[in-house]
Amino acid sequence: MRDDPDTSSPHSSPNSGNTLQVAKSRSSNMIWFAVGIPLVMLVVGVLLIVSAVSDGDTATRSVSMPAEIEVRTPEVSASQADFPEAVRETSVAPQTPWLELDAQTRLTRIGVGSCLSQLHPQPIWEGVLGLKQRPELFLMLGDNVYGDIKSPGGDELIEAYRMQAVQPEFATARAALPFLATWDDHDYGLNDGGADFQHRELSTELFLDFWKMAPPQPAGGIYYSRYFGPDDARVQIIMLDTRSFRSALKVKGDLFPFWGRYEPSFDPDQTMLGEAQWQWLEAELKKPAKIRLLISSIQVLSEGHGFERWGNLAKERARLLQLLGDVGARGTILLSGDRHASAIYYTTVNGSQVVPELTASSLNRPYGPSRDGRTDELLTALFSEANFGLVDIDWERAQVALTIKGVNGETVESLRFKFADLGIEQ
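In UniProt numbering, the protein residues as written are 1 to 426.
Hints are computed from structural coordinates only; laboratory data are not their basis. From a predicted model like this one, the values you see are computed outputs, not experimental measurements. Mixed in with the good hints there might be a few duds.
Listed next, with one range per pair, are the computed distances between beta-carbon atoms [unchecked claim]:
| id | residue 1 | residue 2 | range |
| --- | --- | --- | --- |
| 1 | TYR367 | SER151 | 23 to 31 angstroms |
| 2 | ALA195 | LEU131 | 35 to 43 angstroms |
| 3 | SER91 | ASP148 | 31 to 39 angstroms |
| 4 | SER151 | ARG106 | 44 to 52 angstroms |
| 5 | LYS250 | SER91 | 37 to 45 angstroms |
| 6 | SER151 | ALA103 | 20 to 28 angstroms |
| 7 | THR172 | PRO215 | 39 to 47 angstroms |
| 8 | LEU131 | PRO218 | 33 to 41 angstroms |
| 9 | LEU379 | LYS315 | 19 to 27 angstroms |
| 10 | ARG134 | ASP267 | 41 to 49 angstroms |
| 11 | LYS132 | LEU415 | 18 to 26 angstroms |
Taking lysine-lysine and the DSS-like style, the derived pairs with C-alpha atoms no more than 30 angstroms apart in a straight line are [to be verified]:
| id | residue 1 | residue 2 |
| --- | --- | --- |
| 12 | LYS150 | LYS212 |
| 13 | LYS150 | LYS287 |
| 14 | LYS286 | LYS315 |
| 15 | LYS315 | LYS252 |
| 16 | LYS132 | LYS252 |
| 17 | LYS286 | LYS212 |
| 18 | LYS315 | LYS212 |
| 19 | LYS132 | LYS315 |
| 20 | LYS315 | LYS287 |
Note that beta-carbon positions come from the ideal geometry of N, C-alpha and C, so glycine has one too.
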C-alpha cells in the first residue's frame with residue numbers, strides 16, 4: 001500500500017504536521033484549478049485561432065484546386081478590375097477535356113436540356129446514357145450552373161462552376177458525350193439579367209473558360225454557330241445570346257403576379273439581341289443547311305405566361321419570325337429552356353412553313369406544376385418533372401421527331417414533323 005497523506009489508516013493517529021501539509025496541498029490545487037487551467041485554455045484557444053487563420057489563407061491561395069471547392073472565403077474577394085486576370089490564373093474548367101464531335105458527323109439524335117443545378121443530384125444523366133441510341137451531341141440551353149452573383153468579386157458564380165466541374169454524374173456524361181452550350185440568367189450571374197448587368201465581363205470569361213469555347217464576338221456576347229454533316233445532311237446549330245444585349249423588361253403592376261412578373265412592351269427601341277447579333281444571325285440564316293437548330297435560352301413562341309419570353313419584347317419576337325420567312329430559313333427548329341417545364345409549340349412562316357419549338361427544362365430543378373394559357377402555339381401539355389429533350393432526324397424517312405423524356409429515359413411526349421412541312425427540299 002502506497003504512502004498517501006490523504007489515505008491514512010483508520011488505526012493511526014493524525015499529527016499536526018501532516019494536517020498542515022494536506023491543507024497546503026489542497027490550497028495549491030485550488031489555486032491551480034482557479035488560475036492555471038483557464039490560462040492553459042486561453043493559450044490553446046489562441047493557437048487554434050492562429051491555425052484557423054493560417055488554414056484560411058492556404059485555402060484562398062489554392063482555391064483553384066477542384067478538391068477544395070467547398071472552402072468558402074467570402075471575406076477575401078478581388079475587385080472587379082482585378083478579376084479577369086484572376087480568372088485566367090485560376091481556371092474553373094473541368095480537369096478532363098471536353099469531347100469533340102467531328103464536323104462531318106451525320107447527326108441523327110441530339111439531346112437538349114437546361115437548368116442543371118450543381119447543388120443537387122443529377123440522375124438525369126443515367127437516363128440519357130441509358131438510351132438504346134445515345135445522342136451524338138448534347139446541347140445545354142442555359143442555367144447550366146446556378147451562381148447568381150452577390151459579392152463584388154463574383155465568388156458565387158466561380159464556386160458554382162468549380163462545383164459543377166467535379167460533379168460526378170455530370171463528369172460521367174462529359175466522358176461519354178460531346179456538348180455545346182449557351183447561357184441563361186443564372187449562369188449569366190443575375191436572375192432575369194440583361195445588358196445592364198455589371199459583372200457581364202466576368203460572366204463571359206467564366207463561361208468561355210468552363211466550356212472551352214472560342215473567344216466572344218468582337219461586339220461582345222457568346223453567340224456562335226456550328227455545322228455538322230455532309231452537304232446533303234448538313235445541320236446548322238445557332239446559339240443565340242439572349243442576355244448580353246437585352247433591354248430591361250416591363251414589370252407588371254400586379255401585387256401578386258402568380259404567373260409571371262412581366263408584361264409585353266411595344267417600345268421600338270428595346271432589343272433582345274442587339275443590332276450586331278441581329279446582323280450576324282441574318283447572315284447565318286442565309287448559309288446553306290438542311291436543318292437549322294436555333295437555340296434561345298428563353299421561350300420564343302409561348303404566349304401564355306408572364307415569365308421571361310420573347311413575347312415580352314413584342315417587336316423583337318415579330319422581327320425574329322419575320323426574318324425566318326424573309327431569308328427562307330427552311331428546316332428551322334427552335335430549342336429553348338429556362339421555364340422549369342417542357343412542352344412543344346409551333347407557328348408558321350411564309351403562310352405554310354411549320355416552325356416548331358421544343359422547350360426542355362429542367363434537368364434537375366423541377367418547380368412543380370406549371371401552366372400556359374391555352375394558346376394556338378401550344379401542342380402538348382406542360383411536363384414539370386425532371387426531363388430532357390431529343391431531336392431525332394430520320395434522313396431516310398424525311399422526318400424529325402421532337403421528344404420529351406423523363407428522368408429514366410421514358411417518353412413523355414413525342415411529335416413528328418415531315419421535312420416537307422418544315423420547308424425542307426429533298
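Now for the hints, and whether the structure bears them out:
| no. | hint | verdict |
| --- | --- | --- |
| 1 | TYR367 - SER151: 23 to 31 angstroms | 26 angstroms, holds |
| 2 | ALA195 - LEU131: 35 to 43 angstroms | 39 angstroms, holds |
| 3 | SER91 - ASP148: 31 to 39 angstroms | 21 angstroms, violated |
| 4 | SER151 - ARG106: 44 to 52 angstroms | 46 angstroms, holds |
| 5 | LYS250 - SER91: 37 to 45 angstroms | 39 angstroms, holds |
| 6 | SER151 - ALA103: 20 to 28 angstroms | 40 angstroms, violated |
| 7 | THR172 - PRO215: 39 to 47 angstroms | 29 angstroms, violated |
| 8 | LEU131 - PRO218: 33 to 41 angstroms | 40 angstroms, holds |
| 9 | LEU379 - LYS315: 19 to 27 angstroms | 25 angstroms, holds |
| 10 | ARG134 - ASP267: 41 to 49 angstroms | 45 angstroms, holds |
| 11 | LYS132 - LEU415: 18 to 26 angstroms | 20 angstroms, holds |
| 12 | LYS150 - LYS212 | 25 angstroms, holds |
| 13 | LYS150 - LYS287 | 41 angstroms, violated |
| 14 | LYS286 - LYS315 | 22 angstroms, holds |
| 15 | LYS315 - LYS252 | 18 angstroms, holds |
| 16 | LYS132 - LYS252 | 46 angstroms, violated |
| 17 | LYS286 - LYS212 | 27 angstroms, holds |
| 18 | LYS315 - LYS212 | 34 angstroms, violated |
| 19 | LYS132 - LYS315 | 43 angstroms, violated |
| 20 | LYS315 - LYS287 | 25 angstroms, holds |
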